[in-house]
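S.K.: Chains as they are written, first to last, in our numbering: chain W, 28 to 358; chain A, 28 to 358.
Misleading hints may appear alongside valid ones.
Since the list gives no way to pick out one identical chain from another, each pair is judged satisfied if it fits inside one copy or across any two copies.
To be verified - With a straight-line Cα cutoff of 20 angstroms, these simulated EDC-like cross-link-like pairs (lysine to aspartate or glutamate) come out: (1) Lys154 <-> Glu200; (2) Lys125 <-> Asp52; (3) Lys311 <-> Glu238; (4) Lys227 <-> Glu238; (5) Lys36 <-> Asp261; (6) Lys119 <-> Asp52; (7) Lys307 <-> Asp34; (8) Lys255 <-> Asp34.
If you're looking for bench data, these hints aren't it; they were derived computationally from the structure.
There are 2 protein chains.
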Amino acid sequence: MKKFVNDPKQFVPEMLQGIALANPDTLRYVPAYNLIHRADAPNNNKVTIIQGSGSGHEPAHVMTVGRGMLDGACPGDVFAAPPLDFITETVKLLASEKGVLLLVNNYTGDRMAFEMAEEVAEADGLKVRTLFIDDDVSVKDSTYTVGRRGVAGNFFVMKAVGAAAENGADLDELVRIGEKVNSVTRTMGIALTACTPPAKGSPLFELGDDEIEIGVGIHGEPGRRRAKWMPANDIADELLEAILPDLPFESGDRLAVMVNGLGGTPISELYLLYGIVHQKLADKGFMVGRNYVGEYCTSLDMAGASLTLVKLDEEVEALLAEPAEIAVRIF
Amino acid sequence: MKKFVNDPKQFVPEMLQGIALANPDTLRYVPAYNLIHRADAPNNNKVTIIQGSGSGHEPAHVMTVGRGMLDGACPGDVFAAPPLDFITETVKLLASEKGVLLLVNNYTGDRMAFEMAEEVAEADGLKVRTLFIDDDVSVKDSTYTVGRRGVAGNFFVMKAVGAAAENGADLDELVRIGEKVNSVTRTMGIALTACTPPAKGSPLFELGDDEIEIGVGIHGEPGRRRAKWMPANDIADELLEAILPDLPFESGDRLAVMVNGLGGTPISELYLLYGIVHQKLADKGFMVGRNYVGEYCTSLDMAGASLTLVKLDEEVEALLAEPAEIAVRIF
């Protein structure tokens with residue numbers, strides 16, 4: 028394994044320390060709970076939004092804390108749900124008078140931890156709601172999941188509820204918006220290589236030199252099938268043929284389109300894939316209202332990409348267009 | 028080779044097409060010259076700024092076209108200088124009455140092409156100046172270079188002259204600013220893996236499973252030496268010990284610090300490395316005025332990173348802080 032890492036056990040804390048040092052004016056780091064939070068949280072004028080999940084998906088979610096997005100992120104170790112006490116202490120520390128919204132990608136371990144945390148927080152008299160995201164069309168029930176998995180589409184839920192919270196929406200309204208965005212969002216991913224967790228030091232699964240995994244999960248879980256490598260045009264077809272009928276999306280729909288890199292794929296290839304997907308969608312009569320090309324939810328150093336489509340209406344598109352200020356940026 | 032690509036010969040045009048489709052309001056694509064330019068260029072109220080180089084370094088430079096940065100980028104094929112006529116036609120198309128500034132990383136092929144283009148443009152009566160960037164401290168004279176190589180520090184030159192041009196600076200003033208920023212900027216890179224050009228289909232050089240290349244060039248050119256993999260702390264020392272004495276940077280200096288990913292390294296590792304570098308700099312008495320963590324100048328899918336330090340003064344820091352709007356973004 029060749030990575031920028033010291034002791035693999037310190038991979039997550041050292042990354043969080045780097046994020047904090049890079050954002051001294053806007054973010055705070057609480058090492059005891061793997062917590063990154065806005066310097067100005069809690070803010071009693073808005074609902075507090077917190078996302079937790081395993082690490083290894085950066086920028087999700089520790090780098091999407093900031094105005095118009097998350098108030099805090101409490102990650103677990105790589106690909107592991109955060110411990111219950113990390114979540115409960117985070118909720119206590121960041122709870123605002125308007126309440127707390129917990130965003131959770133649908134994996135069994137995360138779900139259990141956050142449902143327990145919600146109970147603990149309510150017993151403490153805090154107003155908490157939890158929203159599960161499950162945008163991955165690839166498979167139902169998987170290695171770590173009952174039901175569908177939550178993957179890169181999570182970004183759109185965060186962005187929409189983050190904007191609405193900034194504008195003063197109450198907790199019920201945020202749950203409505205979050206559920207709505209989740210219900211119109213669909214994703215599927217393709218792995219070109221496996222990923223290597225720092226503590227394991229070797230690839231998490233075997234993938235032949237000419238093989239790809241269609242419908243891969245963000246922890247390297249199996250997808251729909253393994254196939255021989257194919258040109259980008261055919262990969263775009265595989266993704267669109269899985270995603271479009273699922274909602275279903277219909278000709279004339281206005282869409283947000285995300286081509287998300289899984290960590291090891293350069294942005295040149297992501298734009299190449301975006302161009303193909305955009306043209307195929309245009310040929311089918313779709314309008315691209317907003318597009319997103321880059322890394323939003325990764326799987327460590329996995330080469331690959333996912334495609335997310337969101338069916339836009341006026342409300343969702345306006346929320347996605349609101350400004351936000353987060354750590355990840357080119358300048 | 029497993030990449031998102033169709034015909035490798037069409038890798039660059041298909042990527043450029045993707046960039047154009049993702050930015051229909053702000054960018055224009057001219058396939059005949061591999062040209063991406065601002066929709067509002069040329070603008071006679073500002074000097075036109077154009078960068079050319081081989082492709083494979085994205086987001087540099089085709090994704091850094093926009094307000095406050097480049098007016099246009101005309102890339103060659105992967106790791107190949109743009110043909111002379113691409114540059115001359117780009118200059119003709121985008122020339123403003125205030126003149127044209129050409130930014131070129133110092134590689135022999137690029138240098139020749141741009142020097143000839145400047146001559147052609149001047150013969151046509153256009154006002155053109157060329158500015159060479161050579162921030163890489165690793166080696167003097169290399170596979171494709173006489174003198175030092177231009178690498179990720181190029182970003183700071185682009186950003187500074189881009190901001191000054193937006194504020195109305197004339198061509199002489201931009202040359203002064205660009206030369207000044209280049210003179211206070213130093214970079215060195217480390218490769219953890221080789222990169223694979225689409226047309227070659229296999230790694231460009233051999234690097235053992237436990238080896239790293241210290242001082243690697245952005246085309247995979249050899250650096251100072253090959254070493255066994257080492258922890259991130261030691262890599263940070265290698266980089267700082269090469270860069271700090273070179274200018275020299277002196278305790279008390281205020282710096283811009285960039286940890287740039289080379290394409291295949293996830294942002295989690297870049298932030299981990301940033302945190303270490305930041306602390307080591309603070310321990311030595313440096314102030315970090317601005318920081319940059321992410322991908323700015325890549326080498327296709329190479330795993331690795333470079334460190335850039337810029338000695339800030341009031342003028343440079345103010346230019347770096349000016350707003351800009353380019354294609355690469357998380358939302």
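S.K.: Hint by hint, say whether it matches the structure.
M.R.: Verification of the supplied hints:
1. Proximity of Lys154 to Glu200 under the C-alpha cut-off of 20 angstroms is restricted to the intra-copy arrangement: shortest distance 14 angstroms within a copy versus 58 angstroms between copies.
2. Taking identical chains as interchangeable, the C-alpha atoms of Lys125 and Asp52 are never at most 20 angstroms apart, the minima being 25 angstroms within one chain and 39 angstroms between chains.
3. For a Cα distance limit of 20 angstroms, the shortest separation of Lys311 from Glu238 qualifies neither inside one copy, at 29 angstroms, nor across copies, at 48 angstroms.
4. For the homomeric pair Lys227 and Glu238, the shortest alpha-carbon distance between copies (19 angstroms) is at most 20 angstroms, but the shortest distance inside one copy (22 angstroms) is not.
5. Only between protomers do Lys36 and Asp261 lie at most 20 angstroms apart by alpha-carbon distance; the minimum there is 17 angstroms, versus 40 angstroms within a single protomer.
6. Proximity of Lys119 to Asp52 under the C-alpha cut-off of 20 angstroms is found in neither arrangement, the shortest distances being 23 angstroms within a copy and 45 angstroms between copies.
7. For the identical chains of this complex, Lys307 and Asp34 are inter-copy neighbours only, at 18 angstroms across copies versus 46 angstroms inside a copy, given an alpha-carbon limit of 20 angstroms.
8. Only between protomers do Lys255 and Asp34 lie at most 20 angstroms apart by alpha-carbon distance; the minimum there is 17 angstroms, versus 36 angstroms within a single protomer.
Figure legend: structure checked against the earlier numbered hints; hints not met, in rising order: 2, 3, 6.
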